[in-house]
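J.: The lines below spell out each chain.
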Amino acid sequence: MIVASILMLAPFFLMLTTSLKSSAELKSIGFSVLPRETTISNYLVAMQRGNWVRYFYNSFVITTVTVLVSLVINSMAGYAFARLRFPGRQALFVSSLIGLMIPPQTTMIPVFIMLRHFPLAGGNDLLGSGGIGLINSYTGLMIPFIAGSFGVFLFRQYYLNFPHSLDDAAEIDGVGKLRCFLWIYVPLSKPAFATLGALKATQTWNEYIWPLIMTTTSDMRTVQLALALFRDEHEIEWNYLMSATTIITIPLVVLFLFAQRFFVEGIVTTGIKG
Amino acid sequence: MRNIHPIAYVLILPFYMFLFFFILVPIGMNIFLSFTNYDLIQWDFVGWKNYRYLFQDSHFHISLRNTSLYAFFTVGFSMVLGLGAALLLKGNPPGIKIYRISFYIPYIASMVAVSMIWLWIYDPMDGIANKILNLFGIPSKQWLYDSQYALSCIIVMSVWKVLGYNMIVFLTGLQAIPPYLYEAATIDGANSIQKFLKITLPMLQPITFFLFVTGVINSFKVFEQVAILTAGGPSNATTTVVHQIYNRAFNEFAMGYAAAMSIALLLVIAFITLFNYRYGNQGADLEIG
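In order, the protein sequence lines correspond to chains A and B. Numbering that gives the first Met the number 0 puts the last residue of the first sequence at 273; the count rises by one with no breaks. Numbering that gives the first Met the number 0 puts the last residue of the second sequence at 288; the count rises by one with no breaks.
Simulated from the structure, these hints should not be mistaken for lab results. These numbers come from a predicted model, not from an experiment. Note that beta-carbon positions come from the ideal geometry of N, C-alpha and C, so glycine has one too. Some clues are possibly wrong.
So these bits of chain B aren't anywhere near chain A, every CB distance computed over 10 Å [to be verified]:
#1 L39
#2 S57
#3 G188
#4 K194
#5 A248
#6 M254
FRET-style restraints, in silico, Cβ to Cβ [as the list claims (entries may be wrong)]:
#7 A:F85 / B:L68: 21 to 31 Å
#8 B:Y8 / A:L256: 50 to 60 Å
#9 A:S217 / B:P201: 53 to 63 Å
#10 B:F20 / A:I171: 54 to 64 Å
#11 B:G90 / A:S22: 32 to 42 Å
#12 B:R64 / A:T16: 33 to 43 Å
#13 B:Q55 / A:V253: 28 to 38 Å
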């Protein structure tokens, strides 16, 4: 098991050591695992190639807003599906199932066209033509990640396990359904929020294909897209490329180490209950 | 108690708007587009032409073949190795936390970042893969630039990346097997191989089936590693279905044709999903997690 673990981590180890080697060492003949002389100047050079502060800001904004909006709308809908009675509940819920099965890759073309022709955005007129719509906008980059049914299923499943006596007690006290959700269900479902949050954050931070399609200016690049283009736009110098790779990987790995339980919960939930 | 709660509609509305406009409507639009020759500027109905072309398009055929090979080997290896790792971790050996983290990190890291690392490993000039071969006196290989090895290289990397996911799901499954089954078997004199074949594997069957189906579905979406490691090359040796969709739609602007390919992909995935619902129900009553 120790050998397996080392093998699993070896590529990351290689990434780190390469990012600390000087250009001269990489060009010289011979190879050593550890850098002969450690230099962190690679990181500074890599970060100066392109506006990395801006890319990090973009990724950070997109991830944060996506996570927050997803948490709010999915918990609300999950509660309604789990605990409220209303005509059409079954039909609405079953049609949400489609959202679980449809891989975003199969709808990226129509979504792209729709966002490009979004009325009154990016220079478009009321009919959605004339401009670039939501291309190169944060909204356009976030929408596909906010859409999706997984979060609703997660919250619904979670709330279905709550005892009905909670609702009965609230009703006796004259608490309405909305306040019952906000005051009783939300405070009791922190783990569900953390799980979906971890999952959405990973997904959004790591996304590549959607920013690739939806952005044309370097100002709107996310870190993943910037890393991919970093390789295309410069002659490959492995120490700089590995520095950039390290930097965009660190935020998520740190988040993961702190909130491991919720990431694992998310993995297992997508696995078993999804 | 039989009263209805109109507030429910308000609570569901935001979620449903996103679902409706950005998932349900696009599916309909995709079907519509697949019968046109839309190129972002103008469009005409072309009937079944796009679908007919799918049968002649050799790039699409290669991409189907590559995607199937990728799915078969990635899912197969990552499941066998994932089960192996889960079995080793089942008894909570000391250091299990570190082991688990080492398996998760590749799964958590982004495909772009991970692809960059493996690009370096596979570098024909200075990459570590060739350095290791040279140690054993084997001459360097061109790896991603050699159509004989390129797809295998991508598969090896992908197995490494998704292994941790398979491991953790198997591990959850293993921990849910009631210990008394093993105790009873021990009393009956079963050896560990018999226990594995007669208890562990049958009890894991729903999870195995589930991992297989989701693994295949995910494999059919493979794009990022291909785009970064090889861009589909050399000479289309590693192009995949989603890579073809992306190329046709966003490099050649053949939106109509790419939409037809998306529908084909959607049908394949829908078929696998329905297969899962039809035959996967043995696992539905096994609530784990």
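J.: Against the earlier hints, flag every one the structure doesn't satisfy and list their numbers going up.
T.: 1, 5, 6, 7, 8, 10, 11, 13
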